[in-house]
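Colleague: For this one, chain A is given, so just place chain B on it according to the hints.
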Amino acid sequence: MTAVAARHRPHQVSHRVQRTFIHVGLVSAAFVMSYPLLWMTASAFRPSEQVLVEDSLWVSTPTLENFVNGWTSVAQTSFGTFFLNSLVISALAVLGNVLSCSLAAYAFARLRFPGRRVWFALMIGTIMLPYHVLLIPQYLLFNSLGWVDTFLPLVVPRFLATEAFFVFLLVQFFRLIPKDLAEAARIDGCGHARIFGQIMVPLAVPALATTAAFSFIWSWNDFLNPLIYLTSQGNYTVPIGLALFVDASGTSNYGGLFAMSLLSLLPVIGFFLAFQRLLLDGISTTGLK
Amino acid sequence: MAVTTARAHQRRRRPAGSGAGAVAGGGSHQRRPDQGWTETRRATLAGYLFLSPWLLGFFGITALPMLGSLALSFTNFSGSFSRMEWVGLDNYRIMFTVDPAYWGSVRVTLLYVLLSVPAMLVFALTVATLLNKGIRALGIYRTVFYIPSLLGSSVAIAVLWRFVWGESGLVNAVLGVVGIDGRSWIGNPDTALFTIMVLNVWTFGSPMIIFLAGLRQVPTELYEAAALDGAGRRARYWYITLPSISPVVLFNGILATIGGFQAFTQVYVVSGGTGGPAGSTLFYTLLLYQRAFTELRFGYASAMAWALLVVIAAVTAAVFASGRFWVHYGDGEER
Numbered sequence: 001m002t003a004v005a006a007r008h009r010p011h012q013v014s015h016r017v018q019r020t021f022i023h024v025g026l027v028s029a030a031f032v033m034s035y036p037l038l039w040m041t042a043s044a045f046r047p048s049e050q051v052l053v054e055d056s057l058w059v060s061t062p063t064l065e066n067f068v069n070g071w072t073s074v075a076q077t078s079f080g081t082f083f084l085n086s087l088v089i090s091a092l093a094v095l096g097n098v099l100s101c102s103l104a105a106y107a108f109a110r111l112r113f114p115g116r117r118v119w120f121a122l123m124i125g126t127i128m129l130p131y132h133v134l135l136i137p138q139y140l141l142f143n144s145l146g147w148v149d150t151f152l153p154l155v156v157p158r159f160l161a162t163e164a165f166f167v168f169l170l171v172q173f174f175r176l177i178p179k180d181l182a183e184a185a186r187i188d189g190c191g192h193a194r195i196f197g198q199i200m201v202p203l204a205v206p207a208l209a210t211t212a213a214f215s216f217i218w219s220w221n222d223f224l225n226p227l228i229y230l231t232s233q234g235n236y237t238v239p240i241g242l243a244l245f246v247d248a249s250g251t252s253n254y255g256g257l258f259a260m261s262l263l264s265l266l267p268v269i270g271f272f273l274a275f276q277r278l279l280l281d282g283i284s285t286t287g288l289k
Numbered sequence: 001m002a003v004t005t006a007r008a009h010q011r012r013r014r015p016a017g018s019g020a021g022a023v024a025g026g027g028s029h030q031r032r033p034d035q036g037w038t039e040t041r042r043a044t045l046a047g048y049l050f051l052s053p054w055l056l057g058f059f060g061i062t063a064l065p066m067l068g069s070l071a072l073s074f075t076n077f078s079g080s081f082s083r084m085e086w087v088g089l090d091n092y093r094i095m096f097t098v099d100p101a102y103w104g105s106v107r108v109t110l111l112y113v114l115l116s117v118p119a120m121l122v123f124a125l126t127v128a129t130l131l132n133k134g135i136r137a138l139g140i141y142r143t144v145f146y147i148p149s150l151l152g153s154s155v156a157i158a159v160l161w162r163f164v165w166g167e168s169g170l171v172n173a174v175l176g177v178v179g180i181d182g183r184s185w186i187g188n189p190d191t192a193l194f195t196i197m198v199l200n201v202w203t204f205g206s207p208m209i210i211f212l213a214g215l216r217q218v219p220t221e222l223y224e225a226a227a228l229d230g231a232g233r234r235a236r237y238w239y240i241t242l243p244s245i246s247p248v249v250l251f252n253g254i255l256a257t258i259g260g261f262q263a264f265t266q267v268y269v270v271s272g273g274t275g276g277p278a279g280s281t282l283f284y285t286l287l288l289y290q291r292a293f294t295e296l297r298f299g300y301a302s303a304m305a306w307a308l309l310v311v312i313a314a315v316t317a318a319v320f321a322s323g324r325f326w327v328h329y330g331d332g333e334e335r
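Sequences listed follow chains A and B, in order.
Following our numbering, the numbering of the first sequence begins with 1 at its first residue and continues without gaps.
Following our numbering, the numbering of the second sequence begins with 1 at its first residue and continues without gaps.
It should be emphasised that the hints constitute simulated quantities derived from the structure, not laboratory data.
The structure displayed is predicted, hence computed values, not measured ones.
Note that the Cβ used here is the ideal one computed from N, Cα and C, for glycine as well.
Do not take every clue at face value.
Said to hold, decoys possible - Not close to chain A: a few residues of chain B, all C-beta gaps over 12 angstroms, as computed:
#, residue
1, Glu85
2, Trp86
3, Arg93
4, Val106
5, Pro219
6, Ala231
7, Gly276
8, Gly279
9, Trp326
As the list claims (entries may be wrong) - When the alpha-carbon atoms are kept at most 25 angstroms apart in a straight line, the in silico DMTMM-like pairs for lysine to aspartate or glutamate are as follows:
#, chain 1, residue 1, chain 2, residue 2
10, A, Lys179, A, Asp281
11, B, Lys133, B, Glu39
12, A, Lys179, B, Glu39
13, B, Lys133, B, Glu224
14, B, Lys133, B, Asp229
15, B, Lys133, A, Asp281
Okay, chain A solo, but in the shape it has when bound (with noise of 0.2 angstroms):
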């Protein structure tokens, strides 16, 4: 007995030390990580001027005037207009991605048709493909068609299920729907149609969730694309309204440059925040970013 005993204690202190270790590194790389972010947040509330002396997060003088003036601050448009652009992008791309995404899944989870397994290689094959080499015939396309300086081409793609990601997370998730459902359904005289919208969509929200979430913070966050298409500053999204807020002010305005980021990245978090399960389930199992 004592010998048992003695052979465990030391063994149970060395793992609360472990602990312990384990603890303190974490938490330091978690604050090191964090800091700029953390910086950032402080920033936008200091007076122009503390920006670029001031390192702490401590805030002395607390103000509002950068959120004020930064909304002003790039010529001519206000980033009223520039959240206005970026919501109403976002909101067509989830909407988008949810209903074409779904219908694709539904077909290659569901439906047995010939040809079926080629197009899901060919939509597999799509995941991987380079952005950049679709990139100069899509813009030649959406430029004969008049889109440039739209926001079809940021929009039209989504409701065509281009972003493939989300064609094989939903394919997964309808995979897993038990089958009798359907089958009790169709006996009773639904089509597809119906078995679609009435039992699997229900079904599915979880998926379809986390599909709306990424949808969101992907396109909130897109660079490229706007920046290619849109090109009357009346039509900017966020993150391009800021690229020219930092080119506008290589001069001072730093609070002000630093309210406008960290505004532009709370939707993003606050989506996170609310999704935050689905999220992480659904990047553990496809790799989602």
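Modeller: Chain B in isolation, oriented as in the chain A frame:
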């Protein structure tokens, strides 16, 4: 598993279906076979209806444009089709032998991928391993480590990076404490690329989450058996943990590599669209963007895009092939 069952099911049904066709041809007096036939047709029709948005997108926005860009890469197209000429392999020749910026951008991009992707994965795996020891506050750690992944591709973070690594930025403030007087990291051609690599490593959260999910699935019996055999902690990690999660390493490695080759936003914003200082952050994608959208050399840029596609495909295939030597799939499990 689900797929296999479905396939077996289908195989069982098919002979019945063709038999039914023959019966129907010979004058049908039974309703069932006919119904079976329409059922298949209905499924086909429904399948293609459900698939139609994707099919339209696949052909209209992906496959045909892709072929279009291949065709363009053999022309000198610069915005007007009437003045377009077929130039054969000229674009590729210019790219590989004449364009002074080309090989520089290849070097920058390869350095970035070769250094920052492994660093990110090692970091992700290390943190995931620590988090997998059943520690408290796992949820909070996960969230804090993951958030940078969501924000990493945003312009706001790229803006922030310019300040963090600037002359009077946070990094130099920390170095100042230990007496090192740092210059601007962003403005120095020797260190500018390094700051972008750090930004990539900073987004290690998403591979970390995937590693964490993989680590949880390592069967505990394996560890117990190894412990009975007298294997130490390090041996267990090396001989059990790593082989067990090797498919996840492969998966993360491929995702991060493909993503690494396509990095754009951060470089664009950090360098103000120039790839400077002195071309030290002129990534391949940025050069491609400049050639296409500021110089309007669409034909040439298409050739660059195809070279990128070939390289990414080759690297991905090579990583997959190398997996044969180091990736272990659980017994009896098909890939």
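Colleague: Straight-line Cα separation of Lys133 of chain B and Asp229 of chain B no greater than 25 angstroms?
Modeller: 21 angstroms, holds
Colleague: For Gly279 of chain B, which was marked as not at the interface, is the minimum beta-carbon distance to chain A over 12 angstroms?
Modeller: Holds, since 19 angstroms exceeds 12 angstroms.
Colleague: Hey, Lys133 of chain B versus Glu224 of chain B, does the alpha-carbon distance stay inside 25 angstroms?
Modeller: With Cα atoms ~15 angstroms apart, Lys133 of chain B and Glu224 of chain B stay inside 25 angstroms; holds.
Colleague: Take a quick look at whether Lys179 of chain A and Glu39 of chain B sit within 25 angstroms of each other, Cα to Cα.
Modeller: 17 angstroms, holds
Colleague: Beyond 12 angstroms from chain A, beta-carbon-wise, is Glu85 of chain B?
Modeller: 17 angstroms, holds
Colleague: Beyond 12 angstroms on every Cβ pair: is that true for Trp86 of chain B relative to chain A?
Modeller: Consistent with the label, Trp86 of chain B stays out of reach of chain A, its closest Cβ about 17 angstroms off (over 12 angstroms).
Colleague: Confirm or reject: Trp326 of chain B is not an interface residue toward chain A, with every Cβ-Cβ distance exceeding 12 angstroms.
Modeller: Non-interface label stands for Trp326 of chain B: nearest chain A Cβ at 19 angstroms, farther than 12 angstroms.
Colleague: Does the no-contact call for Gly276 of chain B survive, Cβ to all of chain A over 12 angstroms?
Modeller: Consistent with the label, Gly276 of chain B stays out of reach of chain A, its closest Cβ about 14 angstroms off (over 12 angstroms).
Colleague: Would you check whether the claim that Pro219 of chain B is not at the interface survives, using Cβ distances to chain A and the 12 angstroms cut-off?
Modeller: 18 angstroms, holds
Colleague: Taking 25 angstroms as the top limit, are the C-alpha atoms of Lys179 of chain A and Asp281 of chain A close enough?
Modeller: 23 angstroms, holds
Colleague: Val106 of chain B clear of chain A by more than 12 angstroms, beta carbon to beta carbon?
Modeller: The claim stands: Val106 of chain B keeps its Cβ more than 12 angstroms from every Cβ of chain A (closest is about 14 angstroms).
Colleague: Given the proposed pairing of Lys133 of chain B with Glu39 of chain B, does the C-alpha separation stay at or below 25 angstroms?
Modeller: The given pair, whose Cα atoms are some 53 angstroms apart, is violated under the 25 angstroms limit.
Hint 11 from the earlier list is the only one contradicted by this structure; the remaining hints agree with it.
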